[in-house]
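> Okay, here's what each chain looks like letter by letter:
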Amino acid sequence: MNPRYRPLVATTIIFIVAYVICVSQYPGMWSTRVLGNFLTDNAFLGIAAVGATFVIISGGIDLSVGAVIGLTGVITAIMITRFGIHPMVVFPVVLVLAALFGAAMGAVIHFLRVPPFIVTLAGMFLARGLASVLTQDSIPIDHDFYRLVSSLYYKLPGGGRLSAIGLTMLLTFAVCGFIAHKTRFGSYVYAIGGNGVSAALMGVPVGQTTVAIYALSSFLGGLSGIVYSLYTSAGYPLAAVGIELDSIAAVVIGGTLLTGGYGFVFGTLIGVMLQGLVQTYIVFDGTLSSWWTKIAIGFLLFMFILLQNLVFNSQGPSRLRKGPA
Amino acid sequence: MKSLSLPNIFSHQILALLGVLAINWLVFPGFFDVTWKDGRLFGSLIDVINRGAPVAILAIGMTPIIATRGVDLSVGAVMAVAGAVAATFAVSGHPLVVTLAAALAIGIACGLWNGMLIAFLGIQPFVATLVLMVAGRGLAQLITEGSIVTFSDPQLIFIGTGSVLGLPMPAVIAFVLMLAAHLFVRRSAMGLFIEAIGTNRSAATYTGLRSRSLILAIYGFGGFCAGVAGIIAAADIRGADANNAGLWLELDAILAVVIGGTSLLGGRFSIPLSVLGAVIIQAMNTGILVSGFPPEFNLIVKAGVIMIILILQSARIGEVVAAFRTSRQSQGKK
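One line per chain: the protein sequences are G and Z, in this order. Quick note, my numbering runs 402 ahead of the 1-based positions in the first sequence. Quick note, my numbering runs 557 ahead of the 1-based positions in the second sequence.
Take the hints with a grain of salt, since some may be wrong.
Here chain G is said to cover these stretches of chain Z; the calculated rule only asks that three of the stretch's residues, wherever they fall, bring their Cβ under 8 Å from a Cβ of chain G [said to hold, decoys possible]:
1) 671-684
2) 803-815
3) 846-856
What the hints contain is simulated information worked out from the structure, not anything from laboratory work. Quick caveat, the model's predicted, so the values are computed rather than measured. C-beta atoms are modelled at their ideal positions from N, C-alpha and C, and glycine is treated no differently.
Looking at chain Z on its own, in the form it has when it is part of the complex (with noise of 0.2 Å):
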């Protein structure tokens, strides 16, 4: 079980971001260039980070879960409840704290209602996030009233779309979030404790791990990330819409999770990597438009990135290298 980490910059991801990188470069020369202005930067690498948080923080709630073969497809509509709340909330006038912490507990009761049914009931988890997938947004429509609830609260639009030390806001959120989800799980036992859930979750329950609460406390805080990313995805646009909040955004997250190296089979995790994941589909995004494609090739540019990757993180594939490569060492003997 190798563990990824911080230092190991000379990554896949990072060459891969490089790679993307300079692609935009050579497709839109100002790719690059970056000013201040009014207190804030501006340019389209800000403009990555920025369009790119809500994914990143999407991904790492979903980084612990795969890492313990789940995943959760409702990540999008509880975005979406979220926001509604939000909404809602400052509409009818509640302080920032109140409102916030009113769409950050729906996120979590969405998360802990994923992993009861995970961990207690034994179903497998894509089928139990499919349930709330299914009724979130009909539930995100229902407190919102079937119509886009907007707002007007400076403190909670700040959220969406102020910058701090002429960062984008959203941007600082992800990375601190990031930091803090990264120490916690590298600091503590908690990394390994998921591994080995990933790895065996029989072997790890008989080794005396509480799975089951665990397993329920890895949904809660992907549930918590997806509340956020909500609350920034409704102060982005100064109101909630039900339908379209976070549309997708789940499976944007599960291949930035499977771009950052996670294996879908459990038991290797890195939350850094994953966020870069992200950074990567929103390079890939934003290239995209400034290039002056039309958007839709946006689509099958990802769908040839997930082939590639799939491609080469495929078991087969490394057999076949290795076979290939032990006849090429056996041949150079003789």
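Bound conformation, chain G alone (with noise of 0.2 Å):
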């Protein structure tokens, strides 16, 4: 087998084994509703956990999704109740202005060489202020485009529901994961990822990728929002706060290598399912807190870091060594 496929083996290996683990103690978690659930409950820190694992292999990071979600969550809340306008006007509107915020911050990044951590902090902040400045209270949605596509559904075998928005995040998921690993675009990721100044020297335009990581990052984060926004049927300045940790997780478990140049697109979705899972198994058993969640994600993250260095590290390249100490 190709050692390269290694953590996204063991990645799926580990949540075949603990879904199994969760159905031999509760049969009733083998069902497709159990699983439809799992990713309509999911759906938008899927999308958003995408576009982290393009930051993610190109070496940077983006700590503004969780407030680009909750700000695009309140401008199409705003559009359509206040103003009328129909949502399929506003999803293309809302999801243009998430990318040029992206864009502006991949810009910053690369034209002012400042660290994606700052420049990301700095538009989180930017991000929830404009959706707090906007509005403090939840803006319920009430539109009859939401509640049709609220209501599609595909029913699976067993009388599971795969809902409009699960599915949003599979195609998703689908698409990404092509642009990934099939487009020049994709490489490009990988090359910046792996080595900033070789990939400039090899002619990777450095800039115009970077622009355009931050930018889908951004859109995917807009698109979360939209997620988000017909999840819960309303625009919330403060939704999805925490959720760029929670995404950071989900990549990180999914086998991506958080010094950049290395990861699938595939193994965030086994990131996320497992997340999903260990919040199912803990409302399956009924007598854990909700706080069992949190440690047993940071438990599965401490993990996953541990196994990715331990893989890495024997297989040996250098450069993921920092340093001799």
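Hints in hand, dock the two standalone chains.
Okay, here's the thing in structure tokens:
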């Protein structure tokens, strides 16, 4: 087997083992209903995590996704309820705005040579602040189109429902998996993450690609915001607080290397599903309190980071080691 | 490698603070009014140093960490854990010394855990501390069993709300901690070691520095500071709120350190200037509150400030300015 796929396979095996353990304890979890809800409940996290995958493969970080979700949700809600614009018109406008926001951050990161961590932190403050200035309260969206989309689902065998937003997430993974692994832009992303200087010397347009990566991340943040507004039928400025860290956790659990240059979009899907599994298990158990979710995800994150370290240090590419000490 | 020191009083940070204070004074003329009441000082200025103390204490711990090219995202969660421990110990009737020791010990233990992952397992600081950031609040909730534990131990409450010589206790603690840390790093070789590791860890190790132990100690100190801040935050509200104690303060602490001129690329730091950064942030917060703007503007203003600092610090801007100057000089010679 190609050693490149080892972390991905490890993650997938761990997910399957974990799922089997869950099913052996609670046979009720072996149903398409649970799986369908998995996809619906984690749709917004999954879409945001796809963006984080690109950013992390390029060696960067985007802390602003959660705030972008909140801001796009609020803008969508205001445009639909206060100005009476049809959602199908609102969505493209919001997505373009989100992409421009990300492009601006990417431009600052590349042209001012500022660490992405700080730039996206500023982006996070800005987006949350704008959303809170627009409204303090949750704005309910009551529109025929929203009701229509919420009621759309594909009935799986076994009674499960693959909802429209769950399907949106799966489509996002498919399209972005294709972009990452099969297009020129995708290989640029990997090249920059592997080594920015050599990528530039090889003729990779580093500036354009960096701007595009952050634009894509915020675009997906915007899409995630729309999905979140469909999921909750509301726009709320404090929606999805802390989602950026959940999505980073999903990316890491999915086998993507935080130093950049290595990772799979599909792995992120497994990472999101594994987090969903932990939550569902705790719901099924009933006696465990909700804070065990955080502890379990923290523990998983730790195990996967340790695993990455062991796998990559034993393979011995020296650039992955941080100095002799 | 230029080390910043206290006598450098007319630094950008002082000017920035004066600027913020002047704006506050313009929008709220009573900003500088300080009154003496019931044996302590009251006023907006006092409020700034009181409210700014937890972030200042976090910034003290964060400065050496950032100076070694690290970052600690878990300080907010560690604050919650330390606060939860302090509250549960106080409720079960332990003496103050035991309560404080337990809370600080758990803070240091959290810091050492981070340091171990970073120094011995070679995990990037961002990721290593992310683990505790995610799991820490869960741990805190585990300790408080999901509820907000309230206590009424007057000695413990004094740490959050008392006053010494008319000054609020949190500010006094922050000041003493800042002085101790600053003197320790600048009067010993410690500061130089930290800068050496931040500039080039490999080179520092080859010259014989025990970088691993040093990094472990630095993160342990960061955990200690988070513990102190956690105790203050819990004592201030007389209870431990596992969900909200120290929420987002890690970002404020990082921002304070960056405003203080410590380079995110390591190798240059100043603890007093980081504390000044924390005071600047709090002065902005208080200014927005007293001027009657909705508090939501706070985040936008903060974002604006970060951008301005980044642009000023940016290497590229420096190059452009330098190029502009040389071209002007050469034109002048003609």
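> Determine for every hint whether it applies to the structure shown.
How the hints compare with the structure:
1. Note: the region 671-684 of chain Z has 8 residues with beta-carbon separation from chain G under 8 Å; the three-residue rule is met and the coverage holds.
2. Three residues within the 8 Å Cβ limit are the bar, and the region 803-815 of chain Z against chain G gives 4, so the coverage statement holds.
3. Coverage of the region 846-856 of chain Z by chain G holds [criterion: at least 3 residues with CB-CB distance below 8 Å; count 5].
Hint check: no violations occur; every hint is consistent with the structure.
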